[in-house]
Structures are given as C-alpha cells and as structure tokens.
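A.B. asks: Sequence:
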Amino acid sequence: MEYAHRDIEQKWQQYWKDKEVYKVSNESDKPKYYVLDMFPYPSGAGLHVGHPLGYIASDILARYKRHRGYNVLHPMGYDAFGLPAEQYALETGQHPAVTTEQNIKRYREQLDNIGFCYDWSREVRTSDPKYYKWTQWIFLQLFHSWYDRAAQKARPISELVSIFEQEGNANHTSPEDEKLSFTADEWKAKDETAQRGILMQYRLAYLSHAEVWWCEALGTVLANDEVQNGVSERGGHPVVKKRMNQWFLRITEYAERLLSSLDKLDWTDAMKEMQRNWIGKSTGAEVTFNVNDSNSEIKVFTTRPDTIFGVDFMVLAPEHELVDSITTEAQKAEVEKYIEYVQSRSERERMAEVKQITGAFTGAYVTHPFTGNDVPVWISEYVLAGYGTGAIMAVPSGDERDHAFAKHFNISITNVFGDKYNGEEAYSDKGGTIENSDFLSGKPVSEAIAAAIKAIVEKGIGQAKVNYKLRDAGFSRQRYWGEPFPVIYKEGVPYTSDELGNEELPLELPHVDSYKPGPEGQGPLANIADWVNTPDGKRETNTMPGYAGSSWYFLRYMDPHNDATFADRKATDYWQAVDIYIGGTEHAVGHLLYSRMWTKALHDLGHIGFDEPFKKLINQGMIQGSSRFVYRIHGTNKFVSYGLRGDHKTDKLHADVSMVDGNVLDTEAFKKWKPEYADAEFVLEDGKYICGSETEKMSKSKYNVVNPDDIVAQYGADTFRMYEMFLGPIDVSKPWDTKGIEGVHRFLKKMWRLYNDDNGWIVTDEKATDAELKVLHQTIKKINNDIEQFSFNTSVSQFMICVNELSSMGCRKKEILEPLAVLIAPFAPHFAEELWHGFGNDTTVIDAAYPQHDDKYLVESSKLYPIAINGKPRAEMEFPLDMDKADIEKQVMANETVQKWLEGKPAKKFIYVPNKMINVVV
RNA sequence: GCGGGUGUGGUGAAAUUGGUAGACACGCUAGACUUAGGAUCUAGUGCUUCACGGCUUGGGGGUUCGAGUCCCUCCACCCGCACCA
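In the numbering used here, the protein residues as written are 1 to 922.
None of these hints come from the bench; they were simulated from the model. Be a bit skeptical, because a hint or two may be false.
SDA-like cross-link-like pairs, simulated, lysine to any residue; straight-line CA separation at most 20 Å [stated by the list, open to error]:
| no. | residue 1 | residue 2 |
| --- | --- | --- |
| 1 | K32 | A571 |
| 2 | K30 | E20 |
| 3 | K885 | Q899 |
| 4 | K153 | L605 |
Okay, the calculated beta carbon distance ranges per label pair [unchecked claim]:
| no. | residue 1 | residue 2 | range |
| --- | --- | --- | --- |
| 5 | K407 | V493 | 32 to 40 Å |
| 6 | Q195 | T268 | 43 to 51 Å |
| 7 | Q899 | F839 | 51 to 59 Å |
| 8 | L858 | E2 | 30 to 38 Å |
| 9 | S28 | T764 | 49 to 57 Å |
| 10 | G219 | V732 | 43 to 51 Å |
| 11 | H654 | V732 | 19 to 27 Å |
| 12 | K407 | H654 | 43 to 51 Å |
| 13 | E91 | D18 | 38 to 46 Å |
| 14 | M883 | L858 | 17 to 25 Å |
| 15 | V493 | Q94 | 35 to 43 Å |
| 16 | S28 | T283 | 26 to 34 Å |
Even glycine gets a Cβ: it sits at the ideal position worked out from N, Cα and C.
Can you make the complete structure from the sequences, with help from the hints?
C.D. replies: Shown next as structure tokens:
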C-alpha cells in the first residue's frame, strides 16, 4: 500500500468535523491553555505559503498541549475591517461586506486544507455587527472613564464628577491642561456644555484636533505613506495639512504601566526593547522662558537642565502656537515662507534628510532666567510639535543638531564643558564637569542636573519632569469600512448613544451607494443625510481604525456568542490571558501596545481579572519569495539563458515561478503566459533555459507567490506542515523553495513503509531491542524538548534520524511504532491518525497521551573521545565514563598517533573533560 | 539619523554550559533496479592539496589548553520609525 495522502487527509478531516474533535468547552477539570494566532486580514489575494508558518507552529503546540492533558483554546477569526476592501469597493462598486465574505470563504477553504485544529465554532469577525457591538461598547467604557493618576488606574467618569462637586479639580490635574483649575463651586456654576468640555479633557476616549493630509483634488484624507514629496502618491496632486476633529485614546496615561509591566512578560528582549523605545521615557525638567516685550512664555522640556547656561538660542516647532504672535514685522515674510515650505514636507522626508539644516528667525527674544541675556527664538522643522512641549532650549556645545544649526546660521556658541568641547563637535557625553555656568560650574553632570532643577524650582520657572514620547492614539478614520461611533453631536457637543438613551448597540453601518469621501475631508458616511441627521443631532461620521477590533478579539474567543456582554466574567476568569501568542514583528508597537492598553483599562474598570493580554509572545519570521528572472536582449524578443547573459545587453524581467522547475524555464509555458511572449526566442545553454534567481518579498507583482493549495494538492497537508517547519527556526526570515519539499515527502513515505508494505499492515508484537528503544526514547526526549522551545525544525530532523535508523534496523514492532505515531501527531495529524487507527484504536489520536521518555534506555557506559593535540583533533579513543583521569592520560599518552604528533616533546598539560573531549598541550 | 534583527558549504540549515563545525535535508556526481523515472536503493559531496597536510562560521584584533559561541572593532544586508530635546 502506497502512502495515499489525498485519501487519508480527506478521510480524517471529515472524521474530525463529524465528531467535533476540536470543539472546546469552557467547563473542564483540566488545566487551561490558550494558544492564539494573530488573526489575518482576509485580502483578495488569498493565503500564500508565508501566512501559515505561524499557524502551523501554533497548531503543533496546541495539539501537543492537548496530548499533555490540557484543555486547549485554539481559535481563529478575521480582522475583517480595512482599507483594501473599501478601495476595491471604490473601484468596482462591490460592497465591502460582500467581497469580505468572499475572501473569508476562500481563506477558510485554504486553512481547512492544512488540517488545523481550530475550534471554528468560536470564529470571530470584527466586521460582524454582533462583534462590533462590543467594540463600540468598549469605546463607550473608555469614553465614560478617566485615569486617576494617584491610584494609577482608570475609574468611571461619574466618580470624577462627584470629586469635582466636592473639591473641584485641585487633586486631579487635567492631562491636557495642567493650568486648568476650578473649585467645587466654580464647577457647579458651569453649564452642561462647559462641564462636558472639561470632562472631555479627562476621558480615556476623547475628542480633540489633529492634522491630517488633505488632498483637494482627490477629495480625501491620505495616510502618511500615501504622500510623497508633498504630493499625493496617486495622481501627484498637491496636499495640505488640515486640522480636523478626531477621537483619541489617552494611552499616554498608561505609559508608565505599559513600561513597567513589560518586565513580567515572557517576550523577547528585542520586542520589549522596541516597546520601551516607543514609550520613550525620559527624565529631565520643564523650564519656562519669558518672551521679551510680550506676555508670552515659551515652555521647553530638557533632559539636560544642567546645560542651561549653554543656551544660545531657542527653537520652536514651525507648528507651535506662539509662532504667529511673537514673530516680528521684519521677520514675518521669512517665517511665513519657511512655514509654507515645512507644510509641504512629509514626516518621512523630514526624517530621511536629517543633514539638511533649515530654519527661520522669528525676530523675537526670550530672557535667559539666570544670565538675563537676550536669547533669539528660531523655528525649525527639527523640532517636532508633537513631542515634549514643541519647543527646545538649544545648547549647541552639548547637542549635535543644535551645534549644526548654530554653525549653519552663524550663531555664537557658549561652551559649558571646558576642555571637553573642541569647537568642532558637540560634546553630548555625560562625563566631565559643567563649566562656565555660575553656580553649576565644577559640578559633575548628575549633581549639576539636581542643582539646576533646584534652582529652577526656587525661581518658580519650572520643575523636574518625566516625559514620554508615546503619543495619544488617533482613533478616527475618514472611511466607510469600520465601526461607526455611537456618538451624536447636539449643537456640536458629542453625546454617546447610552447617554441619550435613544438606541441600542450595535449602531450598524448603514448601506451606502457610493464609497466616495464626504465633503471637507469627512468619510463616506457624511454623504448619507438620512443617517447623519437624527432628532437629537448629527451623527459622528468618522469610523474607528483597524486596531479597534483587534485590540480585544482574544477576549471574544472565550465566549464568542454572548449577546449580553463582550465575554462572560466566568469565561474570562477561566481562560485568563493568552499563554502563547504567535505573530509577526510588524505589530511590535501598534497592535500589541493597544491591546495591552485595552486590557488594562478593562481590568481597571472591573470587567476582567487580568491586566496583560499576552503572557508569552513568539515572533514568526517572514517567508520570502524566490523570484525567477529571464533576460531579454535589449530591443528584441530574444531571451538568453542566465549563464550567457553577459554577452548581451539585456533587460531583466520577472518570470512566474510556476513556470520554472528549479532554475529551468518551461519555455512553452512562458510563451503562453503573456501575448507579447508568444513569439519569444530562446538562447539555451546545455539545451535548457536557466533563470536567474533572487530572494524578494513574496508578492503578486513579483510573480513569486506560491499558493499552499497547490503544494497540499501535490504533496499533502502533512508534508506541507512538516516542510514549513523544516525550513528553519520559526523566528527568522527565509526564502521559500518548493524544490526542497521532496525531502520531507520522502521522509513521510519512508516512515509509512515502517508500518506498511505493498500488501498492507506489517507491524508485529515482537519485543523491541535495546537499540530500538534507545532510538525511540532519544527521539521522544528531543521532540518534547524541541516543542517546549519552539524548535520545530530540529524536531523534523530528529524524526528523520529516527526513521532512518529504524529503517536500517528493519524495525516493525508495535512497541516502537505505536508511540512514534503519537509522537508525530502534532506535526502530521492526518498521517498519525491513519497509523493510530491502523493499530486498532478507535478514538482520535489527539486524545492519546503523549509519549514520555525514560532515561533508563539512554544510559551510556562509554564515550568515544576526540583526542586533540594543541586544540586540533588528531585521534579518537573510547573510554568508560567512570574511568580515572590518570588511567586515561596513561593510555592516551601511549597512543601511537598521539606520540607521532607530540614529536617527542613533553606534554605541558593534559585536559580531560568527562563525556566531552581530551586535549593534550605541548 | 535612531531603534531592532541577521551574517556558518552551491542552497535551507544544525551545533545544552566555550569542548570533534557543517547533523538533517535540497542540489549535484557515480552506480544498482527498472519498459520508463519526476519511484526506490547504495556510495560520494565545505574549500584546497597527487599526498601528508593546510585552510574554513562576514573582515580584523583579543581572552582561553580550546571560540560559530565570550570581549573590542569594522563591514554588509533586512525590518521598523515619530530628527525624541
């Protein structure tokens, strides 16, 4: 009997489905284990072989944990809201719900092909009203909450109102405006609109303003990467920054907790480091400078208050609110021209062209608080409006960019570092002492910082300050295909649907006839007058961003059909946080940070019992495409083979990988591929057309996409699963090479032949030999270890070694082969199920206990030692493990080869590392 | 510019704590069986040398009896980014 993967896989997939083998209950005496994949966006292109890499790894782990007696939650769903579906709708008029449904269907078929053990009864889709009802509900929770800095947790806004009624805001500074101050009486005297305006400054979900790229010609708002060189990427139309009302999440209030609780997570250091850098905590001081002949003051944040005597100029972000009012008449034209220039620059360009120094002088001066000197105020794009206070005190002798700026604009430089500053390069190290700085002179940096802060506080011009570079998260998108906000504006003041009490969630996305943007940069929803205008007022027409639905989906899987709450507390208490989360590094700071914040907020408000969503995180690498190229002789329709391309001037063109076997092009298929190639001629080498190859991102446009369906059809899901794992470590990127799959397929066929020959089942009940048991138990030990460490590539190797050895021993014994079948079940579930049933078992293999190794089969009594002379291995000798060092030394020194290499010289040192090696030093 | 990652045969890679570098595969070479081979099996395969041997984990330096692994330094490539005061 041949290994008939097609029949086997079909049969067992049907069996699993019929018996609901992968259905998971929330009620169980077993310990729980939650294995989660980052759910996919169902794109129109379908899955390629890169997508399932992480899914296969998590599937192996989920199956393994189930074998080990856990109740395993292993769900899958779809991140189904998103821009591509809307873009497609714009182009074709097809409703995103329709195309999304089609894409999901395709994804599901592709996933089912691979034999995953997902509990599909728990599937979630973020675009399903039953799901986004709760996304909207969580938004309302955030809206109705504020962050109590003293208690370090979110609390209901109603409690804040009570506090205001009793004591005003004296003990609870507004995170947006620290100058805001009122008493209980003042609070009570305010009208509702004013009170709501104040509360908005505290809410975790709040309305504010932000600048977006607005393109008049396209009539739409563009994302950062849709803007290049100050024009739209599509069409090259001019764009300007437009200030719009936008919702935000006050994630900055969570900065400290998001930072400190990283310590308790089992994530890679690289991942934690990226989050730390993103949160960007820095300590320093906030200092206020008074603008001469004006009531204005400029507030700066600095990490180096000790260098305050080195301030030679001030720089404001071009967007800074004071720029207008302090610019002098004489400088007005220049400043305006500069701002116009900055307006045209994208953030990417500002970043890429760091060396380019630009700026303009406002004509204004501030008074230095300690020296009393006049300090000029400049504006420059190197200062960002969004970070700190949007203004800096520039110390050219101590900061590289300030230094370059001063040199460029001929501003004189005050040296506050003595000998350390050489006049050519800023001295930004923290060694040495501060000089030329009045009361700070002679002090080392840390002391000087403390003294400077003390003096600043005494003068009443500032205080010590912790700053985070994390910004609040924009939560509005001017798009159609996303969650609508359950918000209505009554005379311009936003009210939520539960406050108005006029409608239940979900607020469903209305049908639109056109996906074109609304007027003035609003989303398509603004075009539907019937929907926008309600008896209470106008609806919010923005929708929520992609990360809204994905910030909490892992909770919904625990109780996916609940209509009374987002997930029952009993369910979330049972499943707790995700034990293993697998996905790509591209989500390092976006999705993973937002999910953490939502989890903390839901925890603070008492809705769930844990405050971190993902205990352990595994990052999967990218599977790259291996592109193939053909070489067309320039100006002709003649193609030369790779090795001969040097003889001609050629154009390198992508050829579809499906027409290439290894590197050999199927020239007939190529001719049929595109009409312009129908008459192509080929210059061959050795009778073949050899293609060039390069590793690139797997993408349709590079014709290097490999569809898992094709691989599964040819080799079977089990081969595909094992090959993806065999490619290399899960976390590194590697190119896909279909050719290599043969080896894994051969291995499965070879393993199959341990159990079957041409006439059928051949397993016997004979007693196993020590050698066979040793191979089996070595393998069991290695596989268990490897799975725990996510080293699946080495597991596959070990299975190969095991089968190679058992084959050469001619092993046919049930005592060996039955445990081996269970052992391979997480990797090749259909294959294992077939063998498992071959032994007469009538339950599914996944409920079989996973084999555990017994050390008694692995004991060794001796070791074949490499003998090195001066570190170079020269001979081998076998010794019992318990032999004395002295006896070994005697025998080694007597060895002929050793003697030869010693060349009569006396041994200086004899190194014996038991069970490792022996080294003789001459 | 900043942050993170990766460099080992023709290719994907392996190598508990520093202890025989290249396991396991792909590819390639030769052979066996076969009507056939894109089935299966056997042998070989890092580079170099007729050979003894020498060289070899991105380059250079260091620590050590011994370094892919630890330290310093330089280089290349990939990913992310918000010039972070």
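A.B. asks: Now look at each hint and say whether the structure bears it out.
C.D. replies: Hint check:
no. : hint                      : verdict
1   : K32 <-> A571              : holds (11 Å)
2   : K30 <-> E20               : holds (19 Å)
3   : K885 <-> Q899             : holds (18 Å)
4   : K153 <-> L605             : holds (8 Å)
5   : K407 <-> V493: 32 to 40 Å : violated (51 Å)
6   : Q195 <-> T268: 43 to 51 Å : holds (47 Å)
7   : Q899 <-> F839: 51 to 59 Å : holds (57 Å)
8   : L858 <-> E2: 30 to 38 Å   : holds (35 Å)
9   : S28 <-> T764: 49 to 57 Å  : violated (38 Å)
10  : G219 <-> V732: 43 to 51 Å : holds (44 Å)
11  : H654 <-> V732: 19 to 27 Å : holds (25 Å)
12  : K407 <-> H654: 43 to 51 Å : holds (48 Å)
13  : E91 <-> D18: 38 to 46 Å   : holds (42 Å)
14  : M883 <-> L858: 17 to 25 Å : holds (20 Å)
15  : V493 <-> Q94: 35 to 43 Å  : holds (38 Å)
16  : S28 <-> T283: 26 to 34 Å  : violated (48 Å)
Against the hints set out earlier in the document, violations occur for numbers 5, 9 and 16.
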